Every structure is written in structure tokens, then in C-alpha cells.
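A.B. asks: Residue-level listing of the chains:
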Amino acid sequence: MTGLISKFQSIEEAVGCIPDGATIMVGGFGSPGTPFALIEELLAQGQKGLTLIKNDANESGIGIGRLIEAGRVARLITSHIGLNRIAIEEMNAGRLRVEIHPQGLLAEKIRCAGAGHYGFLTDIGLETEIAAHRREIQCEGRTWAIEPALYADFALVHADRADRYGNLVYRATACNFNPLMAMAANETIAQSYRVDEPGSLDPEAIHTPCAFVSALVQVPVESSEQGRRKHVS
Amino acid sequence: MSPDQQRILARAAREVLPGHVVNLGIGLPTGLFSHLGGDVLVHSENGVLGCSPRADDETLDYDLIDAGGAYIGIRPGASFFDSCVSFAMVRRGRVDITFMGAFEVDEHGNLANWKIPGKFSPGIGGAMELAQKVPRLVVLCSHNDKHGNPKILHRCRLPVTAPRCVSRIISEKAVMDVTPDGLKLIDIAEGLTVSALRAATEAPLLVDETRLGRF
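Chain order of the listed sequences is A and B.
Those letters in the first sequence? Residues 1 to 233, by the numbering used here.
Those letters in the second sequence? Residues 1 to 215, by the numbering used here.
No lab work stands behind these hints, which were simulated from the structure alone.
Here the structure is a predicted model, which is why all the values come from computation and not from measurement.
Beta carbons are placed, not taken as given, at the ideal position from N, Cα and C, and that holds for glycine.
Please note that the accuracy of each hint is not assured.
Stretches of chain A that chain B covers, calculated by requiring three or more beta carbons in the stretch to come under 8 Å of a beta carbon on chain B [what the hints assert, rightly or not]: (1) 9–23; (2) 42–54; (3) 97–103; (4) 198–205; (5) 223–229.
Facing chain B, a subset of chain A residues (Cβ under 8 Å, in silico) [to be verified]: (6) Ser79; (7) Ala107; (8) Arg111; (9) Leu121; (10) Val169; (11) Arg171; (12) Ala172; (13) Ala174; (14) Asn176; (15) Phe177; (16) Pro179; (17) Gln218.
From the structure, some residues in chain B lie toward chain A, with a derived Cβ separation under 10 Å [said to hold, decoys possible]: (18) Val48; (19) Leu60; (20) Asp66; (21) Cys84; (22) Ser121; (23) Gly123; (24) Gly125; (25) Gly191.
Can you make the complete structure from the sequences, with help from the hints?
C.D. replies: Rendered as C-alpha cells:
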């Protein structure tokens, strides 16, 4: 199928186009914004040798934590995995390669790819341990680190609402990395609790215009249940 | 929360001025949340400006957490944004003050709070950018580690989060400012002598006993 309405797909079809070894951006900061249903489908389909790009590793037993525990992730590009004990163990055992970036730089590297740039210059992290891995240049009399953009084959994003064309609206702190990743990947697969007719969303309220979205899947709210803590201290 | 931690938080609350945009680091600084007045905006790097503590009887919003993962509420005038905008706010200096914990902090204002090589390396999160770019960084930490060793050092030994970034240190024993001449003692805990404080601190302290506050 071609044309605007073809973005609406079954979850099997949408996730089925991801091959072994793919580099996949996954939205979410902690649970909010994590596309749990798409991740579960990836788990069920069996793709392996994946490189994941996500702010964090969720928590053990949920989200991408399940992919890591199933041995399906070769490499994780992230900013912090402190809430996932198993991911830390896998990293320390050498079974999971983990690449750490300061959170705002991770976001900006992804944004930069979404904007079609090579990279950007920054003074964040100069004179720290992370400087060892970066090229520095002199410009306007100051030292800057070169941060290349971070591209991916696929992005899995979670929206609160969408229309059939793939226009996306995020909610509250479930926004986070989702709109950035939706722009940075070659193919963006979005899940949304609600998918309405084109025209139902306020054009001024759309966070991700449909041109960035390749496939759209409607998922029940219950698909995010694993990320919800019922007992709150 | 221990009495020492309560003392740190009560003193730290006085650092926040009306109209401030504030970021609270994970751990002890998060406890400051409930000490803040109504005229400040709390920034959380996962994409919200205007966080408020969630009342116990308030319905949980599963899409609304702070950067530490706790469910929160928002106050009137709050805004949501993506992670790039959140860190643009930080790097552009629009967050006025941030509070962070520390493994080590030194007399030059260097801060180490993200990594203990071989023991603890969960990642950096937003700490590096907050430490480097927020105009005023106040460290909230115990004065000594659990073995009694000083955490306020001549020079950090652990990998730094950012160099020369700390403005003020508040421990249960003292309030100290980072100055070009070294650490200057501002306040000392009730009942503590300057010599006892010096004994618990590796970094030299500049002390003017005539102008010393108590807390």
C-alpha cells in the first residue's frame, strides 16, 4: 500500500520490518513515553544483535530491560542505567556494551540527526573523563568538542494521540526523547493509545508532523501497565 | 530521614529565592521539594518546569514523573517540553540554582558525584550539564563518608562531574563557599567548634570567627 492512510499497520507488520542487528532508538524517560507494546512485539519476534539508543534501560523486568535480559541487545547508547540492576550486571560482565553520554548531549545528538546535520560543537564535558573520546577544535579563541549526530535505522516512539496520517501528540513527561527520535531515524514506528481521523487533532498542537512517521500502531492503554507502579512511597 | 539530613535541608531551603527556577538532584536534594515556597518553579530534566509534590490523596498520573522516577504533580503555570528544550534551558543558564549530592567536593569547587571506577558507574544522566551550566550549584552532602573519611577535599580524587562548578557546600556540620582563595566558612553547626570542624575536613578553611553564622 502507498499513500497517506497506509501508515496504519498491525503491530506484527510494523515491527516485522526490523532486521537482526538493527540500530533502534527507543523513546521514554523511565516508564513514561516508553513504547512498551512495540518492545513486547520485538521481544516476541526475536530480532537479536540489536543496538538500542534510549535515555535509560528502564527497570529490570520491564521495557528494554526485558530485551537486555533476553540477550538480544549487543550495545546500548544511553545516559543512565542506575535503575536497572540487571543491565549494570550485564555491562560489568562484558555481555552488554554500554556507551554513556551526558543526557542533554544525547538528546542534542539525536535532535541534530533529525535536523539533518553532521554534528555540533559544545563545551559540555571539557576537562572531564568523557573528553578523552572526543575530537576538540579551536574556534573563536575557545576550545570546543565535536559531537557527531546520532542516527538510527528505526525509532520506536510512544504517543498519547495520533491521526491516521501519523501526526503525533505526546503527553506530560511522556514526551521526553520521543519527538527527537521520531525525526532522527530512517524509519519511525509510532504507537498511540488513540488514533483518530485526520483533522481531529489541533494542527497547532501536533508535536511530530506525520512526514516523520513511517508506521503507526494503535495500542491499548493497558499495554503500558508493566511500567506503572501501584504502590508509591 | 536522619536529623542531620533534616538540618541540611532546612538550611538549604534558605538558598532559594522567590522567582527562582530550581533543579533538584536525585537523592538528598529531592527532599528539598517539600521545603520550597510557592513562588519558585522546579525544573526536572525529563521535561517539566513547575513540578509540585503530589498530595497523598491526589490521583496518580502515570505520565508525570520527575527525573528520579517519583510520581509528581504540577502547579499553575507549569510547562512540558522535550529533552532538548529541557537541556537548552540548562545550558543557556535559565535554571538559576541547582542542588546536588556529592561523593567528593574540593576547595576549587570541583565536584565528583557520578562515578566510582570499578564500583559504581550507572551513567551520568543530566548531572554534567547541570553542574557545568547552572549559575549557582549548591552541594548538599554529609560532611564525611560512612567510614568517617572527609568528603570535602583539597583535590577530588574521583572523576569529576564538572570542574570549578560548585558555589556553596552545605553539610550537617557547616556551610562553606568556594572562593578564589579557597573554602570560606559561612555557618557552623550549633555546638560544633571550628577546630572539630577542621579535623573533619581535608580542605583548609578560611574562618572569620567574628562573622560566623550558626545553623
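A.B. asks: Next step is simple, just say for each hint if it's right about the structure.
C.D. replies: Evaluated hints:
A count of 0 residues in the stretch 9–23 of chain A with a Cβ less than 8 Å from any Cβ of chain B is obtained; the coverage claim is therefore unmet, three being the minimum. Remark: the stretch 42–54 of chain A is not confirmed as covered by chain B, as 0 of its residues place a Cβ nearer than 8 Å to a Cβ of that chain, below the required three. Under the rule that three or more residues need a Cβ within less than 8 Å of chain B, the assignment of the stretch 97–103 of chain A holds, with 5 such residues. With a threshold of 8 Å between beta carbons, the proposed coverage of the stretch 198–205 of chain A by chain B is violated, since 0 of its residues qualify and at least three are required.
As drawn, the stretch 223–229 of chain A meets chain B at 4 residues by the rule of a beta-carbon pair under 8 Å; at three or more, the given contact holds. Interface hint status for A/Ser79: upheld, as the beta-carbon distance to the closest one in chain B is roughly 5 Å, under 8 Å. Taking 8 Å as the C-beta cut-off, the interface hint given for A/Ala107 holds, the closest approach to chain B being about 4 Å. For A/Arg111, the interface hint holds, the least distance from its beta-carbon to any beta-carbon of chain B being 5 Å, beneath 8 Å.
Because the smallest distance between the Cβ of A/Leu121 and any Cβ of chain B comes to about 12 Å, over 8 Å, the interface hint for this residue is violated. Restraint check, A/Val169 versus chain B: the minimum CB separation of about 11 Å is more than 8 Å; hint violated. Checking A/Arg171 against chain B: minimum C-beta separation of about 5 Å stays under 8 Å; hint holds. Nearest Cβ of chain B to the Cβ of A/Ala172: about 4 Å, under the 8 Å cut. The hint holds.
Residue-level restraint check for A/Ala174 holds (minimum Cβ-Cβ distance to chain B is 4 Å; threshold 8 Å). Because the closest C-beta pair between A/Asn176 and chain B is about 5 Å apart, less than 8 Å, the hint holds. For the restraint placing A/Phe177 at the interface with chain B, the shortest Cβ-Cβ distance is roughly 5 Å, inside the 8 Å limit, so the hint holds. Interface restraint check for A/Pro179: the shortest CB-CB distance to chain B comes to about 5 Å, inside 8 Å, so the restraint holds.
At its closest, the beta carbon of A/Gln218 sits 18 Å from a beta carbon of chain B; the interface hint therefore is violated under the 8 Å criterion. Given hint, B/Val48 at the interface with chain A, holds; its Cβ is 6 Å from that chain's nearest Cβ, closer than 10 Å. About 7 Å separates the beta-carbon of B/Leu60 from the nearest beta-carbon of chain A, less than 10 Å, and the hint is met. Hint status for B/Asp66 relative to chain A: holds, with the closest Cβ pair at about 8 Å, below 10 Å.
Interface restraint check: B/Cys84 against chain A, minimum CB-CB distance 5 Å, threshold 10 Å, status holds. For B/Ser121, the suggested interface contact is upheld, since its CB lies about 8 Å from the closest CB of chain A, less than 10 Å. Interface restraint check for B/Gly123: the shortest CB-CB distance to chain A comes to about 4 Å, inside 10 Å, so the restraint holds. Taking 10 Å as the C-beta cut-off, the interface hint given for B/Gly125 holds, the closest approach to chain A being about 4 Å.
Residue-level restraint check for B/Gly191 is violated (minimum Cβ-Cβ distance to chain A is 33 Å; threshold 10 Å).
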